[in-house]
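Okay, here's what each chain looks like letter by letter:
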Amino acid sequence: MERISKEQIRHVADLARLELKEEEIAHFGEQLDDVIKAAQQLNELDTTNVEPTSHVLDVRNVLRDDVVKPSLDRDDVLKNSPDDDEGQIKVPSVLE
Amino acid sequence: MGAFTHSLKELHTMLHNNEITVEALVRQALDRIKEVDGTVGAFLRTDEEKALARAAELDQQLQDGTADADEVLFGLPVGIKDNIVTKGLRTTCASKLLENFEPVHDATVVESLRDAGAVTVGKLNMDEFAMGSSNENSGFYPVRNPWNTDHVPGGSSGGSAAAVAAGEVPFTLGSDTGGSIREPAAYCGVVGLKPTYGRVSRFGLVAFASSLDQIGPLTRSVEDNAYVMQRLAGHDERDSTSANVEVPDYLAALTGDLKDMKIGVPKEYLGEGVSQGVRDRVREALDTLKDLGAKVEEVSLPHSKYALASYYVIASSEASANLARFDGIRYGVRRDADNLLDTYLKSRSEGFGDEVKRRIMLGTFALSSGYYDAYYKKAQQVRTLIKQDFEDLFLQYDVIIGPTAPTTAFKIGENIDDPLTMYANDILTIPMNLAGVPAISVPCGFDEGMPVGLQIIGRHFEEATVYRAAYAYEQAVGIAALPEVKGGAQS
Chain A
1 MERISKEQIR HVADLARLEL KEEEIAHFGE QLDDVIKAAQ QLNELDTTNV
51 EPTSHVLDVR NVLRDDVVKP SLDRDDVLKN SPDDDEGQIK VPSVLE
Chain B
1 MGAFTHSLKE LHTMLHNNEI TVEALVRQAL DRIKEVDGTV GAFLRTDEEK
51 ALARAAELDQ QLQDGTADAD EVLFGLPVGI KDNIVTKGLR TTCASKLLEN
101 FEPVHDATVV ESLRDAGAVT VGKLNMDEFA MGSSNENSGF YPVRNPWNTD
151 HVPGGSSGGS AAAVAAGEVP FTLGSDTGGS IREPAAYCGV VGLKPTYGRV
201 SRFGLVAFAS SLDQIGPLTR SVEDNAYVMQ RLAGHDERDS TSANVEVPDY
251 LAALTGDLKD MKIGVPKEYL GEGVSQGVRD RVREALDTLK DLGAKVEEVS
301 LPHSKYALAS YYVIASSEAS ANLARFDGIR YGVRRDADNL LDTYLKSRSE
351 GFGDEVKRRI MLGTFALSSG YYDAYYKKAQ QVRTLIKQDF EDLFLQYDVI
401 IGPTAPTTAF KIGENIDDPL TMYANDILTI PMNLAGVPAI SVPCGFDEGM
451 PVGLQIIGRH FEEATVYRAA YAYEQAVGIA ALPEVKGGAQ S
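Order-wise, the sequence lines are chains A and B. For the first sequence, position 41 (counting from the first letter as 1) is numbered 41 according to the numbering used here, and the numbering increases by one without interruption. For the second sequence, position 435 (counting from the first letter as 1) is numbered 435 according to the numbering used here, and the numbering increases by one without interruption.
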């Protein structure tokens, strides 16, 4: 496979909501490329008909009764918010 | 008072014989931290006021006779890794992004220890968001190995291992996603257990890779470890991946008897890439186990060499999703910008360190459109093969044994900007996280002055068998000594 291009690195950074400087794009790009090349070693294995494992224990659809219980206090939760107003978290403008 | 050198059981007996008070133990921890932690760097912060107030409450219970006389952890100081939330005590994951985060609830494990009467004295340094094998990725300052402060303590629970080795607290909690309890335990010459996936609640553990993370204890001895594990293990309805499986009496497993135990030693774990010194110590340990009556045979885990690649794809993919929540909006440090998107970008780019960015980038790439099947799904299929390797061996063997890490602790700065070399330190610990099986690291001697760790791996939910083997070995060779740590100025 070809080396990962700077455009691809920029695209991935964008998806990950990371702003990278030019030198970071070059440096991380090279390191990412090495790690991805190493990951291609997995292609040596034939995994046709092998189920993927996303979870090691045989636990699925854990259900419980829907009972009302006290939740965290709103004022407590807002203490960690960088900016809040009238019981809500404030963010910068979303639309231009 | 100096370093903690007694076992948990001895401290417990001293407390109940009125030879010592809880306050004295908490002060011993705080004083020892002041004495040596400027050099070691294991703690990010202590909570002197609350710890002493709690100690006074517990001393009162001892005087009133209301203290649970059977609870060994009662009154003992503990350090908690900084990715486990503690109500009212800052929890930063050693990240600048969470520098100001003060949790509004306790993790289940913190509640359990509190209910048992243990006293949290502070939060332990780590690699940022538990990503690293050397503790050099802490957003604040590195941890140093108490055996030689030019060397790393291992990671990511480096603070948790170094604090025990330096005698700052008698026990700590760490977390292990790819070796983060066992590798630092090996490097610092202490005992560290990664329980079976689902054995200990992850509620309140800041998620790195949710299908791999487990919380576990780090202690001086196997017996101490079993006492702590007894309190951590169990089902928690607040963690839907926690298993509803009965918790056995771990202390009852510490018989010292290994007769008829069948031990498999994977040839892949003593091959190329493992240093001669480590191999020698592990072979000596296997001889000891044979002398104790165990049957030791060479076996194979044929997919071992693929574990590292599978792990880094899966763990980074999960991390890229889990760490999306850190955007400077609801908690953490926000870097103000004119609009919402730039606020996300600035908060994350300035808040995360390089290794965290690398892993988020790798994970985002592996999950991105067009690459998902080739990387993420492939890695999950390989995970199945690795898990099957273990299942096959456990049909015939009670435990699998090898080294914990391929070398002893390396020097600070040696691998810091070379991700592939750094990741290779985890090659012997990663497969157990992928398979979800429990594994312990116990000290098994030294190579050129630095500790070597022996890794004992068991079947799902068979921590008791792992403890049985570890204890018998430890009884035969003696509990490992602690290093001389001298105080020093803050680095």
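A couple of the hints might just be wrong.
[Stated by the list, open to error] Here are the computed lysine-lysine pairs in the PhoX-like style, where the Cα-Cα straight-line distance is at most 25 Å:
| # | chain 1 | residue 1 | chain 2 | residue 2 |
| --- | --- | --- | --- | --- |
| 1 | A | Lys21 | B | Lys357 |
| 2 | A | Lys79 | B | Lys50 |
| 3 | B | Lys305 | A | Lys37 |
| 4 | B | Lys387 | A | Lys37 |
| 5 | B | Lys346 | B | Lys357 |
| 6 | B | Lys290 | A | Lys6 |
| 7 | B | Lys87 | A | Lys69 |
| 8 | B | Lys295 | B | Lys262 |
| 9 | B | Lys34 | B | Lys486 |
| 10 | B | Lys377 | A | Lys37 |
| 11 | A | Lys79 | B | Lys346 |
| 12 | B | Lys267 | B | Lys387 |
| 13 | A | Lys21 | B | Lys377 |
| 14 | B | Lys346 | A | Lys6 |
| 15 | B | Lys346 | A | Lys21 |
| 16 | B | Lys357 | A | Lys37 |
| 17 | B | Lys262 | A | Lys79 |
Simulated from the structure, these hints should not be mistaken for laboratory data.
Hint by hint, here is what the structure shows:
no.	hint	result
1	A:Lys21 <-> B:Lys357	holds, 12 Å
2	A:Lys79 <-> B:Lys50	holds, 20 Å
3	B:Lys305 <-> A:Lys37	holds, 15 Å
4	B:Lys387 <-> A:Lys37	holds, 24 Å
5	B:Lys346 <-> B:Lys357	holds, 13 Å
6	B:Lys290 <-> A:Lys6	violated, 56 Å
7	B:Lys87 <-> A:Lys69	holds, 19 Å
8	B:Lys295 <-> B:Lys262	holds, 5 Å
9	B:Lys34 <-> B:Lys486	holds, 11 Å
10	B:Lys377 <-> A:Lys37	holds, 16 Å
11	A:Lys79 <-> B:Lys346	holds, 22 Å
12	B:Lys267 <-> B:Lys387	holds, 17 Å
13	A:Lys21 <-> B:Lys377	violated, 31 Å
14	B:Lys346 <-> A:Lys6	holds, 20 Å
15	B:Lys346 <-> A:Lys21	holds, 12 Å
16	B:Lys357 <-> A:Lys37	holds, 18 Å
17	B:Lys262 <-> A:Lys79	violated, 55 Å
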